[in-house]
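Top to bottom, those sequences are chains A and B.
Take the first sequence: its position 66, counted from the start at 1, is 65 in numbering that gives the first Met the number 0, and no numbers get skipped.
Take the second sequence: its position 120, counted from the start at 1, is 119 in numbering that gives the first Met the number 0, and no numbers get skipped.
Heads up, some of the hints might be wrong.
[To be verified] Result set (SDA-like, lysine to any residue): computed pairs, CA atoms no more than 25 Å apart in a straight line:
#1 B/Lys-53 to A/Lys-197
#2 A/Lys-197 to A/Ala-116
#3 B/Lys-240 to B/Ser-123
#4 A/Lys-251 to B/Lys-240
#5 A/Lys-251 to A/Gly-261
#6 B/Lys-168 to A/Asp-207
#7 B/Lys-53 to B/Met-93
#8 B/Lys-168 to A/Gly-163
#9 B/Lys-53 to A/Asp-207
#10 B/Lys-168 to A/Glu-159
#11 A/Lys-262 to A/Asp-207
#12 B/Lys-197 to B/Asp-233
#13 A/Lys-251 to B/Met-166
#14 B/Lys-197 to B/Leu-109
#15 A/Lys-168 to A/Gln-222
#16 A/Lys-197 to A/Glu-227
#17 B/Lys-251 to A/Ala-116
#18 B/Lys-168 to B/Ala-277
#19 B/Lys-251 to A/Gly-129
#20 A/Lys-197 to B/Asp-273
#21 B/Lys-53 to A/Gly-271
#22 A/Lys-262 to B/Ala-226
#23 A/Lys-197 to A/Glu-159
[Unchecked claim] Have a look at the derived ranges for each label pair, beta carbon to beta carbon:
#24 B/Pro-206 to A/Ala-136: 50 to 60 Å
#25 A/Ala-136 to B/Glu-91: 51 to 61 Å
#26 B/Gly-239 to A/Glu-29: 52 to 62 Å
#27 A/Arg-90 to B/Ala-226: 25 to 35 Å
#28 B/Pro-206 to A/Gly-205: 37 to 47 Å
#29 A/Asp-273 to B/Ser-94: 44 to 54 Å
#30 B/Asp-180 to A/Pro-177: 52 to 62 Å
#31 A/Gly-201 to B/Arg-224: 28 to 38 Å
#32 A/Gln-222 to B/Ala-137: 30 to 40 Å
#33 B/Ala-33 to A/Glu-91: 48 to 58 Å
#34 B/Ser-94 to A/Ala-137: 34 to 44 Å
#35 B/Lys-168 to A/Gly-201: 19 to 29 Å
#36 B/Glu-133 to A/His-164: 27 to 37 Å
It is worth saying that the hints were derived from the structure and are not from the lab.
Source: prediction; values computed, not measured.
Ideal placement from N, C-alpha and C gives every residue a C-beta, glycine not left out.
There are 2 protein chains.
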Amino acid sequence: MNRDVNDSTSPIGVFDSGMGGLTVLRALHERLPAEDIIYFGDTARVPYGTKGEKTVRTFASQDAGLLVDLGVKMVVVACNTASAFALEHLRETMSVPILGVINPGVRTALAGTRGGAVGVIGTSGTIRSGRYQEGLAAGGLEADRILVQECPLFVPLVEEGLMGHAMTKMAVEEYLQPLRDAQVDTLILGCTHYPALKDDIGRFMGPDVTLVDSADALASAAQDRLAELSLLRDDDRREGKLEFYLSDIPWKFQEIGARFLGKPIEEVITVGLDEMEAFVDNND
Amino acid sequence: MNRDVNDSTSPIGVFDSGMGGLTVLRALHERLPAEDIIYFGDTARVPYGTKGEKTVRTFASQDAGLLVDLGVKMVVVACNTASAFALEHLRETMSVPILGVINPGVRTALAGTRGGAVGVIGTSGTIRSGRYQEGLAAGGLEADRILVQECPLFVPLVEEGLMGHAMTKMAVEEYLQPLRDAQVDTLILGCTHYPALKDDIGRFMGPDVTLVDSADALASAAQDRLAELSLLRDDDRREGKLEFYLSDIPWKFQEIGARFLGKPIEEVITVGLDEMEAFVDNND
């Protein structure tokens, strides 16, 4: 299934640890409606956010390898944890441009902050990798204006559909109180699941705090990069095709899919784990 | 590393999707202190409870294959979801006796119920597999005396160490209210993580409800089965060796390990996923 030519008519590839990255697919599709996009969700091995660096790097290599094999012209790493642990490795080993979700979020936050502190929330893996902190510091933010917080319960709460629920309100308060006390004016939602909690988080943080949704920032960065490389597909009349690959069909698949994508997923191709393994030899 | 002889001096193998099965290891070690036990936790691909039947069966075949390759005399499937989806398959394909966690729990519940209803709580996969329901029905329980409930947030709450926390109390109330209303007199804790919530669950259900911890039931069943097969290692003076294999070293590894095992894990051998994959060809 290897397509040799990567020109502007090739699809964009997006991968995520699971279904959360569909928010990124959605933002890409809205911004670049003429582009074909192939999505891969590693639902057999989700989540990545609680796992070790080496494991996440191996998974990410296989995920990107699958997309490259399918002939994509660019790989978008929708998963924050994979971006944190594997981006450099993928750039060194893959034959197509690789775009991560962290730098676009960092740039948006730096452009938006009004002199206050910037908060970052994410999985344990993302926060402990230190990548957001490094990016914000490299952009000139002093250490005392960078506040981070792991929010490990947010992913399961979203997957259970508990937006607006009393349990979610309690978790939001528990995790975000220190950030509110520190008067952050900008908060990076550093995980693809978190935009689903925008209302809960926004209500608690108050109207003066800007929430940075990495999906929008990433879609804009992808557009710029493709234009720069003359790989942009820019045809007003074309409606791009979306293709979905998953390593497992999870319970509540349709429900969770619609929650992130905003519409039902019609067809899915399942990728066996033996097939995934085949990509590691090429890239690792 | 293949040991050919499976006699009473061979170790017992225990596998689980992650660290939760350490509660089973602990119960086995307490009941059979002279036995050597090898534990494998598939921490790179945890959890199993939200994933599809075929995926769980593939993972379970690899997990059991690893243990058989290490020379165990029996494989104990500590994970409820793996027991639900893969037990028959493992029995057909493996060369050693396979013990699951569901039947021992069912038998204990049937022996303990005092004419009321029996409740079962577990992951989505375990509950939807219908295995507990089948087992209880086969034991003579009428359908209207069997109540089941998926509790997907219990695993992340335990992994975050939130026993006794207000969020946990709220989740317990939300999930268990229907079982309390139906006046169950016996409740099967159908997931290796749930015994950590015994206090929260017991307080809500009241002192008249018997909580069935599958770990104890399983340890007792393992003892019976080994005796039956003349494979029991029964030496009062011997202190059995415990060995730990994991496919990923997760964040908070020591903390979570101690929570389930009751003491720190001193040494761990990491098993690469490429190594895990090697076992699927033999068994699938």
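Hint check:
no., hint, verdict
1, B/Lys-53 to A/Lys-197, "violated (35 Å)"
2, A/Lys-197 to A/Ala-116, "holds (19 Å)"
3, B/Lys-240 to B/Ser-123, "violated (34 Å)"
4, A/Lys-251 to B/Lys-240, "violated (42 Å)"
5, A/Lys-251 to A/Gly-261, "holds (15 Å)"
6, B/Lys-168 to A/Asp-207, "violated (33 Å)"
7, B/Lys-53 to B/Met-93, "holds (17 Å)"
8, B/Lys-168 to A/Gly-163, "holds (18 Å)"
9, B/Lys-53 to A/Asp-207, "violated (48 Å)"
10, B/Lys-168 to A/Glu-159, "holds (17 Å)"
11, A/Lys-262 to A/Asp-207, "violated (31 Å)"
12, B/Lys-197 to B/Asp-233, "violated (31 Å)"
13, A/Lys-251 to B/Met-166, "holds (23 Å)"
14, B/Lys-197 to B/Leu-109, "holds (20 Å)"
15, A/Lys-168 to A/Gln-222, "violated (35 Å)"
16, A/Lys-197 to A/Glu-227, "violated (32 Å)"
17, B/Lys-251 to A/Ala-116, "violated (28 Å)"
18, B/Lys-168 to B/Ala-277, "violated (43 Å)"
19, B/Lys-251 to A/Gly-129, "holds (17 Å)"
20, A/Lys-197 to B/Asp-273, "violated (39 Å)"
21, B/Lys-53 to A/Gly-271, "holds (10 Å)"
22, A/Lys-262 to B/Ala-226, "violated (57 Å)"
23, A/Lys-197 to A/Glu-159, "holds (16 Å)"
24, B/Pro-206 to A/Ala-136: 50 to 60 Å, "holds (55 Å)"
25, A/Ala-136 to B/Glu-91: 51 to 61 Å, "holds (57 Å)"
26, B/Gly-239 to A/Glu-29: 52 to 62 Å, "holds (60 Å)"
27, A/Arg-90 to B/Ala-226: 25 to 35 Å, "violated (58 Å)"
28, B/Pro-206 to A/Gly-205: 37 to 47 Å, "holds (45 Å)"
29, A/Asp-273 to B/Ser-94: 44 to 54 Å, "violated (22 Å)"
30, B/Asp-180 to A/Pro-177: 52 to 62 Å, "violated (39 Å)"
31, A/Gly-201 to B/Arg-224: 28 to 38 Å, "violated (56 Å)"
32, A/Gln-222 to B/Ala-137: 30 to 40 Å, "violated (60 Å)"
33, B/Ala-33 to A/Glu-91: 48 to 58 Å, "holds (51 Å)"
34, B/Ser-94 to A/Ala-137: 34 to 44 Å, "violated (56 Å)"
35, B/Lys-168 to A/Gly-201: 19 to 29 Å, "holds (27 Å)"
36, B/Glu-133 to A/His-164: 27 to 37 Å, "holds (32 Å)"
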